[in-house]
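**Student:** Place chain F on chain U using the hints.
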Amino acid sequence: MQKREKLLKEEVKKLLDKKQVDMVIGYEKGTLALRTTPCFLASVDDVDRLVWNEFCENNLAKYLPGRKEKVAIVAKGCDVRSIVGLIQERQITREQIFIVGIPCEGIIDRRKIESRLGEKEILEATCENGKILLRGEDFQEILKKGDFLYDSCKVCKYRNPIVFDLLIGDRVPELEKIDEYAEVRKFEAESPDERWLHFQKEISKCIRCYACRSACPLCYCEQCFVDQSQPRWIGITDNPSDVGVFHLFRVFHVAGRCVDCGACSRACPMNIDHRWLLKKMEKDVKELFGYEAGLSVEEVPPLATFKEEDPQDFIK
Amino acid sequence: MKKIRIGVYVCHCGLNIAGVVDVAAVRDYAKTLPGVVVARDNRYACSEVGQRAIAQDIKRHKLERVVVASCTPRLHESTFQRVLGENGLNPYLIEMANIRDQCSWVHYDQPEKATQKAKDLVRAAVARARLLRPLEVNTSPVNKSAMVIGAGIAGISAALYLGKAGIKTYLVEKGPSIGGHMAMLDKTFPTLDCSLCILSPLMVDVAQNENIKLLTCTEMTDVTGFAGNFKVKLRKKPRYVDEDKCVACGLCAEKCPTKVPDEFNRGLTMRKAIYIPFAQAIPSKYLIDPERCLYFTKERCKVCQRVCEAGALNFDQKEEEVEIDIGVIIITTGFDVYDPSENREYGYGRYPNVLTQLDFERMLSADGPTHGKLKRLSDGKPIKRLAFIQCVGSRNLGNAKYCSRVCCMITTKQAVMVKEKNSEVEVYVYYIDMRTAGKEFEEFYQRARSSGVVFVRGRPGEIVEHLQTHNLRIIAEDADSGCLFENEVDMVILAVGLKPAKDVQDLTKKLRLSRSADGFLLEAHPKLRPAETTMDGVYLAGCAQFPKDIPDTVAQAGNAAAVAAGLLSRDVIEIVPLNAVVNADNCIGCGLCESLCPYGAIRLEKTAQGPKAGVTETLCKGCGVCAASCPERAIAIQHYADEQIIAQIQALLGVR
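If you read the protein sequences in the order shown, they are chains U and F. As numbered in our numbering, residues 1 to 316 make up the first sequence, in order. As numbered in our numbering, residues 1001 to 1656 make up the second sequence, in order.
None of these hints come from the bench; they were simulated from the model. A couple of the hints might just be wrong.
Per label pair, the in silico range of CB-to-CB distance [unchecked claim]:
hint: 1; chain 1: F; residue 1: P1598; chain 2: U; residue 2: Y291; range: 18 to 26 Å
hint: 2; chain 1: U; residue 1: L288; chain 2: F; residue 2: E1342; range: 23 to 31 Å
hint: 3; chain 1: U; residue 1: K157; chain 2: F; residue 2: P1598; range: 28 to 36 Å
Just so it is clear, the structure is predicted and the values come from calculations on it, not from any experiment. Yeah, the Cβ is synthetic: ideal placement off N, Cα and C, and Gly gets one too.
The following block holds chain U by itself, in its conformation from the complex:
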């Protein structure tokens, strides 16, 4: 990991030194343990701030739409798929960005660690050789990394970026024998009433803070449907019908676009499992249109095109 970080710094230095890009978007050390913060580097002198470790959870693609300058972006496998989506949707051009792809072996879910440690305050966290080393004022603990990965990382199929201008270090082995739709199938097997209850229960936690929207790299509309008042598509309260509509709309708005980067779930202060419905939508798109989002810049997303042979039996 440290080797990769060193390599990353060297390459980023070169990019800025040769003025290949105007700016680099990457990660720097966070103010709290277990955290990193997005950073924007424009000068070679800043490059030492860059870090790469198992806590680099943010999907930096969020910062791309609307950029005017030429930027390099540090991107994991999932982030790259979001970037591909943004290029397809013309929020940024391929020429304008330099993708510094970085193979990733999974990001650590800080909430899982925090809930394990309870009230104890972690002051320092490092990860090495599959072990997480945690230090506090009066304790030290070693945990197995594999037990504390994000759920989306556990079923990741693209740990190596598929589109990049530069790959940092060697590729990592892809996960084998993953069953990404196990939860979806369980959900599908439920009766409509059970599903509705399931849904209601999950969204009852929602406080309508829109953190999921703000974290999602594909939510870039200048005016979101939730903010429109003429007409008002959705009420602004947190009663179940308004909240339900918000979550259903959100899922539909990213249908065929979501790459399961997990940003929404990470951002949610109420621990709503956003991935659960998104994964169902992802599976549906895959089965209906044979399409997986964010794999190719040239491909046209299924909802941005129509073919005569598209399934139509849903029209009654």
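**Tutor:** Leaving out everything else, chain F in the frame of chain U:
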């Protein structure tokens, strides 16, 4: 905001509306709506009297908007638009509420509720009318020439109607000769006219008409533009024979060493690799089949070049790209016959004595495989017993639900012809129902019955071939007697259905046309606009629209030609301004509209503020796909702007 002055006219439509809806109550209710300065009821709002009432009020009450509560705008919107236009109001300042179809007709048994709904619809219409904006109608000059695609009897007829009217017409045919399926027929029902005897004079007319430019071996590759101004790209395949030099002496074909199954005779005879499709072909010029010619496949031979006295052979001919500008397009691409071997039906393709009607038509022809003699193809023995099976590839749930309309009469015709050639031949027709609707069709069918043709009501499940004799055993239930009827015949003819031509899908994409569920091209209106498509300036005729017989095809070709000539007779075409408009400030340049627009009318354009969507007004049909899909609501459809629709919905829901 200044109050807009609105007039409301509630129509009785005789008793169509007034029989159910309390028209006077709706009128009085309309008077209470904000902005309404006058409300009247008329027995017939569309009549002279009704129109005059509106015209007078526009002047007297200084109306700024008009609401007519009557029938559907599809019927009378243009009538009322004209009234507005003639009286100094912009024609787009009218709104119609359909209180006939949506109130009195559907709720005929609930007059009170129907009346309440009529009031609701009028309230919504008034709310929208208030926000309507005047629109300017643009015009564009009309190119006064036409293109007809497909030169069967439909295309030939349409081209001749246009050519004779003095309209420059390009007749485009992908095959080497015009004539289509009709040229393959021996006789036509119910008069038993020789098909080519009546067709070939028309073919010659096409060749000689100074206004018709015939383009054979040619396909359309691309089309852009709009009614009155189409730009078409054509690809002309080489004949490898110079059309100006060839005199069709036939020496080349006589000497050509390569034999190929002859498509014109349905593969039942052989032709040469250099050939003319049939004796009466127009243009009467030979051509080389490059897939079979020895020179093109193995680089040797060229015997045709050596024997041609006219020196017409030209092996270096290349594909040509031709571009033409035209004002209208008529599609007459015809049909394909159903191939029963697709579903292994009745042993077609495996049993040599099972033929389709079209195969048998060639057998009946003097130029066919048996020169018109009733002989079996398997062993040349004379045919003594013959059976027809109806509805093969029609009227079943598997491939075509529709009735192909012509097969019953073709069978009747062929049965009569067989009886006329040899009355000793026993002819059996297995049918579900015989459909003989048409002038003199039933009489013709009776003629077949009285000449001894046996009609058996019941379709056989399958037929079995005798291995040695190649005779065919048919078992079917005769529904009239309720008995099982076993029969052994020398030959079976399958009355195959007509299906949409294979290339239609490609054509629909290029011209952005619609197809009906059966796969045939969709007409603009099944009763009132049968020869028009949903695209302005694009018309259709013949079996491209649906299976039909020759008289109907010719009639529809005339219809298409008349509508086409109507458009071409104008100097300019009005462009209805119901198109999309982009608010560039809101556009984020995602291009979703561009990829979804079925008409290629909206494209991203480079601007100083980045890519922004731009509309080509002449291509835009105002369908609203772009407006509905725009994530930023940056696109509006003129006359159907969101604010207008929202006001209408809010009024309907009683939202204040």
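**Student:** Against this structure, judge whether each hint is valid.
**Tutor:** Here is how each hint holds up against the structure:
{"no.": "1", "hint": "F:P1598 x U:Y291: 18 to 26 Å", "result": "21 Å, holds"}
{"no.": "2", "hint": "U:L288 x F:E1342: 23 to 31 Å", "result": "28 Å, holds"}
{"no.": "3", "hint": "U:K157 x F:P1598: 28 to 36 Å", "result": "35 Å, holds"}
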